[in-house]
Amino acid sequence: MTMNENPNIPDEVRAVAADGTQLRYALMEMAGQMDDIITLGRGDPDLPTPPHIVEAANQAMREGRTGLTPVKGLPQLRGAIADHMREYNGLPVGAENVMVTTGGQEGLFLAIQALIDPGDEILVPDPRYTSYDDAIRRAGGKMVMVSTDREDAFNLEAEAVEAAITPASKALLIVTPSNPTAGIVTEDRLRAIADVCIRHNLIVIVDEIYGRIVYEPWRHFSIGSLPGMAERTITLDAFSKAYAMTGWRCGYVAAPENVIDAMARVKQVTTGPVATVSQWAGLAALAGPQDCVSDYLKIYTKRRAVLLDGLDRMGFAYGEPRGGLFVWADSSSTGIHAAELSYLLLKEGRVLIFPGTAFGENWREYVRITLLEPIETLKEAVERMLPVLARYRA
Amino acid sequence: MQSPQTLSSPLAERVAALDDLCSPRTGDPDVPANVIEAAVAALARGETHYTDRPGIPEFRAWVADHLRERYAVVVDPAEVTITCGSTEARFVTMTLLAEAGGAVLCPGDSSRIRGALHILGAEIIDSIREDISLLYISPDVYRETSIELLQHAEETDWWIVYDLSFAKTAPPFHPAQNERLASRVVTIDSLSAALPGWRLGWMAGSAAALRLRAGKQAITICTTAVSQWAGLEWVRTAT
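Here the protein sequences come in this chain order: A and B.
By the numbering used here, the letter at position 129 of the first sequence is numbered 129, and the numbering carries on one by one without gaps.
By the numbering used here, the letter at position 88 of the second sequence is numbered 1088, and the numbering carries on one by one without gaps.
Because the hints were derived from the structure by calculation, they are not lab data.
Please read these numbers as outputs of a predicted model, since none were measured by experiment.
The C-beta atom is built at its ideal place from N, Cα and C for all residues, glycine as well.
Check before you lean on any hint, since a few could be wrong.
Unchecked claim - These stretches of chain B come out as covered by chain A in the derived footprint (C-beta under 8 Å, 3 or more residues):
1. 1011 to 1024
2. 1030 to 1040
3. 1050 to 1059
4. 1122 to 1129
Unchecked claim - So the derived label-pair ranges between C-beta atoms look like this:
5. A:Asp117 to B:Asp1052: 28 to 38 Å
6. B:Val1074 to A:Lys379: 45 to 55 Å
7. A:Gly288 to B:Arg1211: 39 to 49 Å
8. A:Ser147 to B:Ala1017: 35 to 45 Å
9. B:Asp1020 to A:Asp36: 53 to 63 Å
10. B:Glu1013 to A:Lys302: 34 to 44 Å
11. A:Arg191 to B:Asp1020: 30 to 40 Å
12. B:Thr1006 to A:Arg191: 17 to 27 Å
13. A:Asp117 to B:Pro1057: 51 to 61 Å
14. B:Gly1121 to A:Pro75: 45 to 55 Å
15. A:Lys379 to B:Cys1022: 34 to 44 Å
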């Protein structure tokens, strides 16, 4: 039975099922109208923005430091970002290679607008963060999928990238750690991928927004730090996840200076500068103590163990989640289409998770579940999901 | 380490004709203490997460009330999206409602929409012709000119974007007062004059409201939470 024929799926879900982003929002809006829902859907950390960052924002506001900034961002923040990306990511960048963006998502939008012409192909690992589809579509770009799989923990293979290259290929988009798979692209793979990109003159756009959330023994690695890559790599990041600052809408991008200049000219007509108070908060995040990042990682590590135990009890297989704030689980043992399963778990179990089809058309037997509730709530979510699964399991 | 200076592959063609960067304007207005304290209080409440993607409900309700009280224009709060300044509202409306390869009729100052329409690939014109998909007007355009064009618009399927964000004075005239046009009118406004660095604007109304909301979300997801709470306090106490 196809999803369109399935009577268990309501019209409001079916109507947007082909658009991953809209499907996610349709489920969130349904959940918002229901009581006592455990939301393991959206990637919005439940933890607070650390107090020293909030205090820095308060101080900036009370001292009147709220006027417009240059489009590329506060010079002090651009300098601090460059320092951070040199020291943490190993990128050979100065402040001239950095721009502040309205969250990581705008960084991707601006990069695509600055680089992609109609007909250009962008290689995208599958599954993908479908919120980026719109930016690529608007620029007239064409996504070409590069497959990844569970047995390889959704790592990306250079051979698969190279096999997807055509004369129209312009760029490779990597999200590591990945949303939705929680896989990372490991250093050895990135070295091989970098060779491919140099040989085929590909641009690399890499989203590292979850780069500070990587679980032991794995390590984050930035492809832009490799020889010959800085001049062809656009690195996107944001304060949103590592510092629990989603609502501040403050991200950043590092790239060759001519790309930064081009992106800034697009940004000038797209959104203008980032809210000034958010930029002062971002500066405090980078300049202040980093214990909050490691403390939050410890919390996520414990939650991850609880959720993986729950997945084992539910009979869901998964690739090792090596980073990020999700688990990406194979729900095929239920015999139920992921969109229907998500709807049933919401309606009858009062737990919001996202179907795999929200992250790629081929993922109808996968679900994405976030770690963004306290441990006791995660345990409760598992207890709520188990009887629903037992009721409907084929 | 050597900084990377240039990209080995060419930039997109659309970037070439975009304007150089402007310097930020100086002389930002003082922000009232109650607005600052509202922002501080919002942060203390933990308003540091994504907001609803169209914006906080209280602000959207105020926009709907404002349009009804000031212009006698009825807009449902669900048709209001809070944006990162009027810049984002203009970019989203121009690139989603105008047609690539077509024309946008702009009888007044077109400088604020030029970049977005260049990126889209649409032409700006100042007189009527066949391939117009959108009419962009503001209160700065002579009222007689606006009325004449809006009368013509009744016989077309043009989208109409009414931009109040830079109007020094806004008369009670509004194109959505015409029932034959109302479902095609998007109103843009902002707090850029009072709170420029907070990046707050909005787009309201029209049958395309949900599409515009999705378009904004694809760029910035939502507008800065603390800015929205500051803006809400400003509109409640200073207008």
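Status of the hints after comparison with the structure:
1. 1011 to 1024: holds (count 12)
2. 1030 to 1040: Satisfied; 5 residues make the cut.
3. 1050 to 1059: holds (count 3)
4. 1122 to 1129: That given contact is violated, which follows from only 0 residues of the stretch 1122 to 1129 of chain B lying within Cβ reach (below 8 Å) of chain A.
5. A:Asp117 to B:Asp1052: 28 to 38 Å: 35 Å, holds
6. B:Val1074 to A:Lys379: 45 to 55 Å: 48 Å, holds
7. A:Gly288 to B:Arg1211: 39 to 49 Å: 41 Å, holds
8. A:Ser147 to B:Ala1017: 35 to 45 Å: For B:Ala1017 against A:Ser147, whose Cβ atoms are near 39 Å apart, the range 35 to 45 Å holds.
9. B:Asp1020 to A:Asp36: 53 to 63 Å: Given about 54 Å between the Cβ atoms, the range holds.
10. B:Glu1013 to A:Lys302: 34 to 44 Å: Between B:Glu1013 and A:Lys302, where Cβ atoms are some 50 Å apart, the hint is violated.
11. A:Arg191 to B:Asp1020: 30 to 40 Å: 38 Å, holds
12. B:Thr1006 to A:Arg191: 17 to 27 Å: 23 Å, holds
13. A:Asp117 to B:Pro1057: 51 to 61 Å: Violated, since A:Asp117 and B:Pro1057 (Cβ atoms, about 40 Å apart) do not stay within the stated range.
14. B:Gly1121 to A:Pro75: 45 to 55 Å: With Cβ atoms ~34 Å apart, the hint is violated.
15. A:Lys379 to B:Cys1022: 34 to 44 Å: Once the Cβ atoms are compared, 54 Å apart, the range 34 to 44 Å for B:Cys1022 and A:Lys379 is violated.
The structure is inconsistent with the numbered hints 4, 10, 13, 14 and 15, although it conforms to all the rest.
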